[in-house]
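With the hints as your guide, set chain B onto chain A.
In order, the protein sequence lines correspond to chains A and B. The first sequence begins at 1 in our numbering and counts up one residue at a time. The second sequence begins at 1001 in our numbering and counts up one residue at a time.
Quick caveat, the hints were computed from the structure, so don't treat them as lab data. A virtual CB, placed ideally from N, CA and C, is assigned to each residue, including glycine. Check before you lean on any hint, since a few could be wrong.
[Claimed, not checked] Computed Cβ-Cβ distance ranges for the label pairs, DEER-style:
| no. | chain 1 | residue 1 | chain 2 | residue 2 | range |
| --- | --- | --- | --- | --- | --- |
| 1 | A | THR230 | B | ASP1182 | 50 to 60 angstroms |
| 2 | A | ILE98 | B | LEU1149 | 29 to 39 angstroms |
| 3 | B | ALA1292 | A | VAL12 | 51 to 61 angstroms |
| 4 | A | PRO64 | B | LEU1149 | 41 to 51 angstroms |
| 5 | A | VAL130 | B | GLN1041 | 28 to 38 angstroms |
| 6 | B | ARG1048 | A | VAL269 | 44 to 54 angstroms |
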Amino acid sequence: MFVLLLLGAIIVELFIAGLPAFQAFGIGFIWSTDWDPVQEVFGAGVSIYGTLVTAVLSIVLAVPLAFGIAFYLTELAPPWLRRPVGTAVELLAAVPSIIYGMWGFFVIVPAFATYVQPTLIDNLGELPLVGFLFQGAPFGTGIFTASFILAIMILPFIAATMRDVFEQVPPVYKESAYGLGATTWEVMRGVVIPYTRISVVGGIMLGLGRALGETMAVTFVIGNANRITTSLFGPGNTIASLVALEFGESEMGSLKLSSLLALGFILFVLSFVVLATSRYLLRSRLKA
Amino acid sequence: MNRRTMLLGAGAALTLPALGAHAQEARITGAGATFPNPIYQKWAEAARGAINMQVNYQSVGSGAGINQIRNRTVDFGATDAPLNAQQLTEANLLQFPTVMGSLVAIVNLPGIENDQMKLTGPILADIYLGKITRWNDPRIVAINAGLTLPNLAIAPAYRADGSGTTFVWVSYLAKVSQEWKDRVGVGTSVRFPAGTGARGNEGVAGTVRQVRGAIGYVENAYAITNRLTTTQIQNKAGNFVKPEHATFMAAAASADWSVPGFAADLVETTGPQAWPIVAPTFILLPTNPTDAARNANVRRFFDWAFKDGDRLAQELEYIPLPDVAKAAVRAAWATQFGA
Chain A
1 MFVLLLLGAI IVELFIAGLP AFQAFGIGFI WSTDWDPVQE VFGAGVSIYG
51 TLVTAVLSIV LAVPLAFGIA FYLTELAPPW LRRPVGTAVE LLAAVPSIIY
101 GMWGFFVIVP AFATYVQPTL IDNLGELPLV GFLFQGAPFG TGIFTASFIL
151 AIMILPFIAA TMRDVFEQVP PVYKESAYGL GATTWEVMRG VVIPYTRISV
201 VGGIMLGLGR ALGETMAVTF VIGNANRITT SLFGPGNTIA SLVALEFGES
251 EMGSLKLSSL LALGFILFVL SFVVLATSRY LLRSRLKA
Chain B
1001 MNRRTMLLGA GAALTLPALG AHAQEARITG AGATFPNPIY QKWAEAARGA
1051 INMQVNYQSV GSGAGINQIR NRTVDFGATD APLNAQQLTE ANLLQFPTVM
1101 GSLVAIVNLP GIENDQMKLT GPILADIYLG KITRWNDPRI VAINAGLTLP
1151 NLAIAPAYRA DGSGTTFVWV SYLAKVSQEW KDRVGVGTSV RFPAGTGARG
1201 NEGVAGTVRQ VRGAIGYVEN AYAITNRLTT TQIQNKAGNF VKPEHATFMA
1251 AAASADWSVP GFAADLVETT GPQAWPIVAP TFILLPTNPT DAARNANVRR
1301 FFDWAFKDGD RLAQELEYIP LPDVAKAAVR AAWATQFGA
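This is chain A alone, in the form it adopts within the complex (with noise of 0.2 angstroms):
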């Protein structure tokens, strides 16, 4: 109860700090893509592209990868293997999120520049239709790098939510299925999945909830720029990290604390949606 009280409080504390902008943009606040503190002119939306193609990519880059370890731990691996495996994917949501940056600005971003981004553009660049996610300079950091760190950071919730819910499955049904002649794929796609796709997506929901909050490790890889470029490869700013960066440098009352206050408003409300969702598809497990 108090903590919903604080979570109340926070919320609209941030909401009055934020009105002044609302008030000075009005609703197009939310979509303006301006954003230009020498004339005072501010706009949420490059920040809420960012933040929401970032946490989207890194979700579609870890899910997969997440679901195999699941897959893996549960139904292929020798048992004595189960443990190690596991621990360490989860010693990954360990790791502090500064770490991945310099990680990432030190070791991912200069490995990007030379080998993968160049491949990339050259090979995919002309392609019609889709060529235009992959052109521009090969710099190492933007978008897609940022869901890269992202997608590895998230992976070890993504992946033990999986883990813990498949081995949920009651052993009876699978070992019907067993009975019948089901393949270990065919049980997984017909048996377990089924049972577990809502916890399986409450699951991917907390990752995203994490994904969208992120600041640290983005503000190093993603390239910090306030504009939209149509390539995965090109500079962009996600609310965390431009709050981060720019809160230092603004002056109280100001309009653009104000519009920064906005933005944590907003990134508020986002993952505050994604959470509730996340919980609510996951209130069968909560409970048990």
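Same frame as chain A, now just chain B:
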């Protein structure tokens, strides 16, 4: 009742030694700009032994520093971008400079050695505007006879976090390019039309080191300690100058300190050998202090730093204030607070 007296007694016993220590060592707190942080920390360390003062400086950023001194939660604020006369009067603040720093352009180009490449202000502005996009652009080639410039895309890197460094850099670009002034303007963070942003000086330095064809701007101290490739830049007199002690001092010597708030403009000064991008950093001091003793201690600290701190500043690649400027600051203190 008994218990209360006992508590009071215990409280007094705890406070007494603390009071004693307080009388021996003066304490002041400050917050603000990150750019002068290394020298303020160094001065604070030395002042402890020299004038028995403990200075606690937090480098939270110029904007946050201004907020904190407006709220009077610290004894002094520090900012890279000067406040104007009206802002100073409204907030009852006195502004004075402490040291100066210089910005340099850094590049990552195969086969280009330190201080070999020549650049001009308009070319730098057009690079950051995204109008010059390749290193073998005819305008760059024309002033760099003798250098073989590769056909490589230019990747401009800038500070993504709001910073005084960006403020100085864009005020230089606005001075040499009308288009920059009209399209982008000047501020601690601006809407850069091209390039990629990185966090902090170390982020820009890291990006330039990693990306072939990158160009960036950092404080000179960073370029020196990280052995980055700097360039020559053409100054207002038309000479190409290297970023070195003599050209920095030449810029400092030609500044006019008699402006309100000491907001001297050291960008594009007229000296024939002056480095074009030099800037002072400022302290904000309340003119209506809540605690007069602490306020006086802030002045005592910087007075000491003016007298004995130049060597430390130079060791960290900062440029000490010229004597005229120091005298002017001391005169301003005397006028404002009495002797």
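A quick look at each hint next to the structure:
1. A:THR230 x B:ASP1182: 50 to 60 angstroms: Distance hint for A:THR230, B:ASP1182 is violated at roughly 27 angstroms.
2. A:ILE98 x B:LEU1149: 29 to 39 angstroms: holds (38 angstroms)
3. B:ALA1292 x A:VAL12: 51 to 61 angstroms: Cβ of B:ALA1292 to Cβ of A:VAL12: about 40 angstroms, so the range 51 to 61 angstroms is violated.
4. A:PRO64 x B:LEU1149: 41 to 51 angstroms: holds (45 angstroms)
5. A:VAL130 x B:GLN1041: 28 to 38 angstroms: Distance hint for A:VAL130, B:GLN1041 is violated at roughly 52 angstroms.
6. B:ARG1048 x A:VAL269: 44 to 54 angstroms: Distance hint for B:ARG1048, A:VAL269 holds at roughly 49 angstroms.
In the structure shown, a violation is registered for the earlier hints numbered 1, 3, 5, in ascending order.
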